[in-house]
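There are 2 protein chains.
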Amino acid sequence: MSRDEKEFVKAITPQSQDFSQWYVDVVIRAELADYAPVRGCIAVRPQGYAIWEGIQSGLDRRFKQTGVMNAYFPMFIPESLFKKEAEHVEGFSPEVPWVTQVGDELLTERLAIRPTSEIIIGSMYSKWIQSYRDLPVLINQWCNVVRWEKATRPFMRTTEFLWQEGHTAHRDEKEARDRTLLMLDVYKRFYEEDLAIPVIAGRKSESEKFAGAVDTYSVEALMRDGRALQAGTSHYLGSGFAEVLDIGFLDSDGRRKFCHQTSWGVSWRSIGAIIMVHGDDRGLVLPPKIAPTQVVIVPIMGGPQKDAVLARTSELEEMLGSRFRVKADRREEYSPGWKFNDWELRGVPIRLEIGPRDLKAGQVVLVRRDTGEKRPVPAAGLPAALADLLDEIQHSLFDRAKAFLEENSFVAHDAGELASTLAEKRGFVYAPWCGDKQCEQAIKAETGATVRNIPFDHRVTSGVCVKCGREAEHWVPFARAY
Amino acid sequence: MSRDEKEFVKAITPQSQDFSQWYVDVVIRAELADYAPVRGCIAVRPQGYAIWEGIQSGLDRRFKQTGVMNAYFPMFIPESLFKKEAEHVEGFSPEVPWVTQVGDELLTERLAIRPTSEIIIGSMYSKWIQSYRDLPVLINQWCNVVRWEKATRPFMRTTEFLWQEGHTAHRDEKEARDRTLLMLDVYKRFYEEDLAIPVIAGRKSESEKFAGAVDTYSVEALMRDGRALQAGTSHYLGSGFAEVLDIGFLDSDGRRKFCHQTSWGVSWRSIGAIIMVHGDDRGLVLPPKIAPTQVVIVPIMGGPQKDAVLARTSELEEMLGSRFRVKADRREEYSPGWKFNDWELRGVPIRLEIGPRDLKAGQVVLVRRDTGEKRPVPAAGLPAALADLLDEIQHSLFDRAKAFLEENSFVAHDAGELASTLAEKRGFVYAPWCGDKQCEQAIKAETGATVRNIPFDHRVTSGVCVKCGREAEHWVPFARAY
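If you're matching them up, the sequences are chains R and X in order.
So the number in this note's numbering is just where the residue sits in the first sequence, counting from 1, plus 166.
So the number in this note's numbering is just where the residue sits in the second sequence, counting from 1, plus 166.
Be aware that a few hints might be false.
One side only, chain X facing chain R, incomplete, derived with CB under 8 Å [said to hold, decoys possible]:
| id | residue |
| --- | --- |
| 1 | F185 |
| 2 | V210 |
| 3 | R211 |
| 4 | E219 |
| 5 | S223 |
| 6 | G233 |
| 7 | M235 |
| 8 | A237 |
| 9 | P240 |
| 10 | V543 |
| 11 | A546 |
| 12 | L548 |
| 13 | F570 |
| 14 | L571 |
Pair ranges (Cβ atoms, derived) [stated by the list, open to error]:
| id | chain 1 | residue 1 | chain 2 | residue 2 | range |
| --- | --- | --- | --- | --- | --- |
| 15 | R | A527 | X | F622 | 53 to 59 Å |
| 16 | R | F622 | X | P502 | 24 to 30 Å |
| 17 | X | G420 | R | G503 | 25 to 31 Å |
| 18 | R | D623 | X | A546 | 49 to 55 Å |
| 19 | R | R355 | X | P502 | 20 to 26 Å |
| 20 | X | E483 | R | R195 | 48 to 54 Å |
| 21 | R | G503 | X | D226 | 56 to 62 Å |
| 22 | R | V577 | X | E483 | 48 to 54 Å |
| 23 | R | A608 | X | D226 | 36 to 42 Å |
It is worth saying that the hints were derived from the structure and are not from the lab.
The beta-carbon is built from N, C-alpha and C at its ideal position, and this holds for glycine as well.
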């Protein structure tokens, strides 16, 4: 291990030693984000924001393919409007910041800052929707929201965060329920295909539902420390919001009806998921599809052939730049070894090294971030080789994460086995459950684990509830979660 | 004029009758935005947001070409931090909303909601910048900001609005000043090339400077009612913010120095500019480069050949869809005439009509939104014809706006001529000015017009100040502005 390497390794706490600290070290050292001088808020730095831009463009493309368009609604919600939907208010009120004055003047009505936008968007839908011909309304919004939470953690739980929230209005329940599940599937495919993160899709239990929803669905992922992460949610809202906000329409049968609605969201927690599913003790590991830089070229510039090496670097950069997201690191003030570590920390999938010897041999040395594998490749066939390799890395990251998920999925048949497996192994522990809220709460109190969701891909096994001994309705994954 | 047409024309107030009402009618009728139930706030609807997405992608691409990356900073600024830069605070304080409580609890320190982010971003730069090696820092942020203004108007002046704000830090004054002008030039080119809006680039007078800046530069456009619009600004901030926020670095000479900074912004006012520069009594006219839909196909579906017409529509849609942003309007519940008016209202640059007769003749009827010109085009050569025509429309809109700008630019040699020209002609009235703030304020009080900027492209003519009679320092355009 060189001096450079030691320095890097020292700066990042090993996962095995303290996963939580490892996470923060990676976020700060890879310059993804930094703590801001506002309680629970972060500043997202260019390297982190570029990942968010990749997430945005991947999701946005998928949304638009299903007919969704983007829009923008105010972040302020007048108190009288905010308080219209009782469950919703109860769920969010403690976390809501209030604007009470402007300059030196007190406002006559307090303004809530949106924790989510069902209410303000619904109030506009009640103006815009008149007839069945105006339906469905399929709108998404990319925005900031605020939830004042006690513990905060970069990307995972911050006072203000960026997300997208989709809000749709439909003519009947079936269409709305179909949309709810369609968007959950969009999330599942996005996580699995773009972020290489396998997820479990299912319905949330009654007690974990969104405030005001009839049904909440989620995709759940498993981090490398064995804790679960709710990676995205999709809600069937029924016509509850429509009734309090008067979102109605004249149907073709001449009768006025209330809309059925959905909402669905993914936040920048997804960046946290990428870090905690793929990262290792050397730092970030980015899936090629989302990596802001897919290939970094590091010229080895020492010695008399410096100019020739730099010329070759520029040739390669130009040749590859039209097809891949490429960067060449020509910095003079850092050694090649330092740069290798730096780009590994930042998670760039492929590194190309070019030195004087490679020039002569007509080759470059190619290094994979995920496996560390290093091999010379003839310069001539490079574009095709890179395309194949990026594809291979993308799939290999997914397979590795999938294998991890499976290795860390266990089964428990009774309360003792559930508690001991959760304590010793972490991960998802599948167990039979009667479906009752009280059993769920009791298990949570005893083990710290919650029912993540009721998976569509049900592991149906007969059995009795691990808590109460009544016949089980579901086999569900219990886990401690972020 | 058909019944359909009359209905549309009735719904939009003619520009000549009441330009202000015409603007609001177009915004509402074309479904760009609507008034929200929060004072001074609007909800931007999908049709309006799609224009904003076009603006974002056009600007973002240009920013990135100059090395800028995006990031995101908190919207809350603790009061103690907010008050650090005196001029800045004085300029923004009356318009700032304060968060004073969360849930039922009072905060120990009030939080301002950003009217702009120099302070919060600067506070992070003071952590991130240590050495000259860390410079320049070139960051942009796309976000919402809030300014509590008295009169509001969709897109032009709203309590909350979306914009981009760039913030850069440099090693010395020259580099920072070069960046200030570079970004102004990016704005000028964006407005002229993408939005087809000619602008006057120049330096703002002392009294119109950004609060805390050493120099403010702007691009100014002329709306069709003869009022000016400040369409974008770029500020050289000097080292004032750096000194109060301690943004310093160790230079290569071993001395610690303060950074020189810039900031620059364009907001969704640019949507207002598009409406008011290109629009007419039939509604929006969108420049092809920014139009969310460039070509709309309207099948004439009456009669026995309906299926053949629809089949041809699908063929055309597919053939053109890979090259242009195309939509086909197959709605059954509206007549062709109604659709023609509807797409004209929405500003789509080119309409293609296909009816039974066109099928037989192997042609489509092509209609330009900007001129109303209508002509048959052989279906075979359509892609090339459309590409040429979109290009021609883009240039023609610019030329028309440029001609309007020139026809509405006047010269005044004394106070009387200035006042009468402003009253009778509106537009830009160039007049000699001593450069003194008092003369500027007096003219503003008398005529309602302000010095828009001191143009780079200076009409240098000798003369004496229209107000005080002293020797003139500049010839500047006076105008009433939005």
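### Query
Do the numbers back the hint for R211(X), that is, is its least Cβ distance to chain R under 8 Å?
holds, 6 Å
### Query
Taking the beta carbons of G503(R) and D226(X), is their distance inside 56 to 62 Å?
violated, 35 Å
### Task
Answer holds if the nearest beta-carbon of chain R is closer than 8 Å to that of A237(X); otherwise answer violated.
Since the shortest Cβ distance to chain R is 5 Å, the answer is holds.
### Message
Less than 8 Å between beta-carbons is the criterion; does F185(X) satisfy it with respect to chain R?
### Response
Given a least distance of 25 Å, the restraint on F185(X) is violated.
### Per-residue hint verdict: E219(X), partner chain R, C-beta under 8 Å
holds, 7 Å
### Query
Taking the least C-beta to C-beta distance, is M235(X) closer than 8 Å to chain R?
holds, 4 Å
### Supplied distance hint 20 to 26 Å, evaluated on CB atoms of R355(R) and P502(X)
Taking Cβ atoms as reference, R355(R) and P502(X) lie about 39 Å apart, which means the hint is violated.
### Query
Are F570(X) and chain R close enough, Cβ to Cβ, to be under 8 Å, as the hint says?
violated, 30 Å
### Query
Does the Cβ-Cβ separation between G420(X) and G503(R) fall within 25 to 31 Å?
holds, 27 Å
### Query
Against chain R, is V210(X) within 8 Å by beta-carbon distance?
Hint holds; V210(X) Cβ to chain R Cβ min 4 Å, cut 8 Å.
### Hint validity - V543(X) Cβ closer than 8 Å to any chain R Cβ
At 30 Å from the nearest chain R Cβ, V543(X) fails the 8 Å test, so the hint is violated.
### Query
In this structure, is the beta-carbon distance linking V577(R) and E483(X) contained in 48 to 54 Å?
holds, 53 Å
Consistency with the previously given hints fails for numbers 1, 5, 6, 10, 11, 12, 13, 14, 16, 19, 21 and 23, ordered from lowest to highest.
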